[in-house]
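Keeping their order, the protein sequence lines are chains P and H. Going by the working numbering, the residue at position 306 of the first sequence is 306; the numbering climbs one at a time, nothing skipped. Going by the working numbering, the residue at position 274 of the second sequence is 274; the numbering climbs one at a time, nothing skipped.
There could be a bad hint or two in this list.
Copies of one chain are not kept apart here, so a pair can be met inside one copy or by any two copies together.
What the hints assert, rightly or not - Pairs of lysine to any residue residues, derived as SDA-like cross-links and limited to a Cα-Cα distance of at most 20 Å, are as follows:
#1 Lys-24 x Ile-148
#2 Lys-24 x Ala-150
#3 Lys-24 x Tyr-163
#4 Lys-305 x Ser-123
#5 Lys-293 x Arg-196
#6 Lys-63 x Gln-125
#7 Lys-63 x Pro-131
#8 Lys-293 x Ile-239
#9 Lys-63 x Glu-18
#10 Lys-166 x Leu-29
#11 Lys-63 x Gly-126
#12 Lys-24 x Ile-14
These are computed hints drawn from the structure, not numbers from a lab. Here the structure is a predicted model, which is why all the values come from computation and not from measurement.
2 protein chains.
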Amino acid sequence: MIKLFDEIRSDLEIVEAELLEVVKAPDPLLTDTATHLLKAGGKRLRPAFSLLGGKFGDFEIKKVLPLAVALELIHMATLVHDDVVDSAMTRRGVRTVKAMWGNKISTHIGDYLFGQSLILLSSYQGTMIPPVLADTSVKMCEGEIYQISASYDTDQTLRDYFYRIKRKTALLISASCQLGAIACDAPPKTHLALRRYGNHVGMAFQITDDILDMTAEQTRLGKPIGGDIRQGIITLPVIYALANSADRDHILHLINKENKSNEEVFEAISIIKDCGGLEYSSRIAQRYISKAKQELNPLPDVPVKETLKTIADFISFRNF
Amino acid sequence: MIKLFDEIRSDLEIVEAELLEVVKAPDPLLTDTATHLLKAGGKRLRPAFSLLGGKFGDFEIKKVLPLAVALELIHMATLVHDDVVDSAMTRRGVRTVKAMWGNKISTHIGDYLFGQSLILLSSYQGTMIPPVLADTSVKMCEGEIYQISASYDTDQTLRDYFYRIKRKTALLISASCQLGAIACDAPPKTHLALRRYGNHVGMAFQITDDILDMTAEQTRLGKPIGGDIRQGIITLPVIYALANSADRDHILHLINKENKSNEEVFEAISIIKDCGGLEYSSRIAQRYISKAKQELNPLPDVPVKETLKTIADFISFRNF
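Only chain P is shown next, with the shape it has when bound in the complex (with noise of 0.2 Å):
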């Protein structure tokens, strides 16, 4: 992916840079564990949607890096806090936890991070900014809550899966893209096109990560297969199963068991391929990506526009 953002390379380099600068702290352990954390990668999505919403602006770097590095911190923050494992829960599935510092230190560090960037957002005082991003990071909290209260619940329907991956994934990449265009004083018709530009890709990610989750090769990964249903987590291709396998009592049988065997993995996800569902969930993910290509249109014809199209394609592009 990340050769699609040739056009904002030297601005991403400038945010690594303001990264690695923002979480120096007094406290070695503090500076080492959150710098370590950034050293360890990531495509850097949300600040680079957040440069390209500020191209379609009267674009200058110094306005959106705040934003930009801030948007950076709170998604780490979420994952961070999305590895706390609760002990009770690990009996469900055998996740895996790149257990690298306790679960003590991960939450204080997500704090930590997440207050870095109230104070980088402190200098948007008076826009939008603050308020949408207080906004998304509450309703991020609900969907990483209700993923937990509707693990296991197969009774569940397209539209709590909707709702739930809208919060996770969507709204943080929608924010990017609608505030680096306000950061950057774009008028109210391209942000907003830029938010639900932003929305329609997160979706499309998102659906695409639970289809990967079933098809990717391990190493691709970097995690085991099947991860979402050992955990309980129902996605879409398990919905799509549930709905039309003609074996839906076994697979049914088999999702809800708490400690599944990889064979048992193997199989829930055999079932699933068989009757379609990875298709069935691609073909939704492309019907996001044509929305959000749609939404681009009636913008400006400034040049990174083509860059968000070919970005959409790609995210779907990577289906399987």
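Let chain P serve as the given structure and place chain H on it in line with the hints.
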């Protein structure tokens, strides 16, 4: 303490009602856990300080209400996150956690409460309130992380201890006093004095807590005595004893032990008491109380001025 708040009783009731309103969420699990947390009580010290601070300005409840609610949400978020336990750390000391929820939910609930506070603080855009609280929240995390990295560090100095408790406790109380005044348009001379008052009271409050951890009856404290010693948290009485006790080597040995028996904890407390560690700590707390009250002298003689002095005295009164 609650009797001291008579002048703001009705306002505190409004804060209480608003707190319950704010945590209502679409997901019952989220609403239930957050509501349970609220109803579990707490002294609402930070909202009270913000209301009292507001009385030094042109007080209107609607001006302070979002701030007062936000302060309690931030405080609660830190409490919930502080309850997240690292299994690797329960090895050290017999930490008892009121584990109503697991780690994962605690993390997300904390984030949710914090996020809700940000939404409330949006109404203060353009004032010092959001940046001061952003800065405070980062420093609070620094304090928490530092407490972890400094645990079992018997070489730490008084300076280390004050650095830590300032971040852990004093800064948010300090901000509560100051920002309540700012929300009600009190002049800088006033809100800066209140900030210093809050800092001194907060320092005394935490020192007193650290003393009570060694002296209070278990039923009153609601947790086993000597919790800090069990967890390797080096507090003021310990630092004093390490520097002044004739039994230095023995207490050093006891403090450094990872798994302490009840007898060993009591023995350590007994050495600390014998060498005057509690009286010393109490004198330091008392000095902060005096400084806090002095800060109030130049301020206008509004009725709550005496209340703030009484609150300061109450904090030192509960020393033994």
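Cross-check of the supplied hints:
Taking identical chains as interchangeable, the C-alpha atoms of Lys-24 and Ile-148 lie at most 20 Å apart only when they sit on different chains, with a minimum of 18 Å there against 33 Å within one chain. Within a single copy, Lys-24 and Ala-150 get their C-alpha atoms only as close as 38 Å, which misses the 20 Å cut-off; across copies the closest is 18 Å, which meets it. In the homo-oligomer, the alpha carbons of Lys-24 and Tyr-163 lie at most 20 Å apart only across protomers (17 Å), although the nearest pairing inside one protomer, at 36 Å, exceeds that limit. Taking the shortest Cα distances, Lys-305 and Ser-123 never come within 20 Å of each other, neither inside one copy (27 Å) nor across copies (35 Å).
For the identical chains of this complex, Lys-293 and Arg-196 are intra-copy neighbours only, at 10 Å inside a copy versus 55 Å across copies, given an alpha-carbon limit of 20 Å. In this homomeric assembly, Lys-63 and Gln-125 come within 20 Å of each other (Cα to Cα) both inside a single copy, at 13 Å, and across copies, at 18 Å. For the identical chains of this complex, Lys-63 and Pro-131 are neighbours both inside a copy (18 Å) and across copies (18 Å), given an alpha-carbon limit of 20 Å. Neither within a single protomer nor between protomers do Lys-293 and Ile-239 lie at most 20 Å apart by alpha-carbon distance, with minima of 27 Å and 64 Å respectively.
In this assembly of identical chains, Lys-63 and Glu-18 lie within 20 Å of each other by CA distance solely inside one copy; the values are 14 Å within and 36 Å between copies. Within a single copy, Lys-166 and Leu-29 get their C-alpha atoms only as close as 34 Å, which misses the 20 Å cut-off; across copies the closest is 19 Å, which meets it. In this assembly of identical chains, the alpha carbons of Lys-63 and Gly-126 lie at most 20 Å apart whether taken from the same copy (14 Å) or from different copies (18 Å). With identical chains, the CA atoms of Lys-24 and Ile-14 are at most 20 Å apart within one copy only, with a shortest distance of 16 Å there and 40 Å across copies.
In the structure shown, a violation is registered for the earlier hints numbered 4 and 8, in ascending order.
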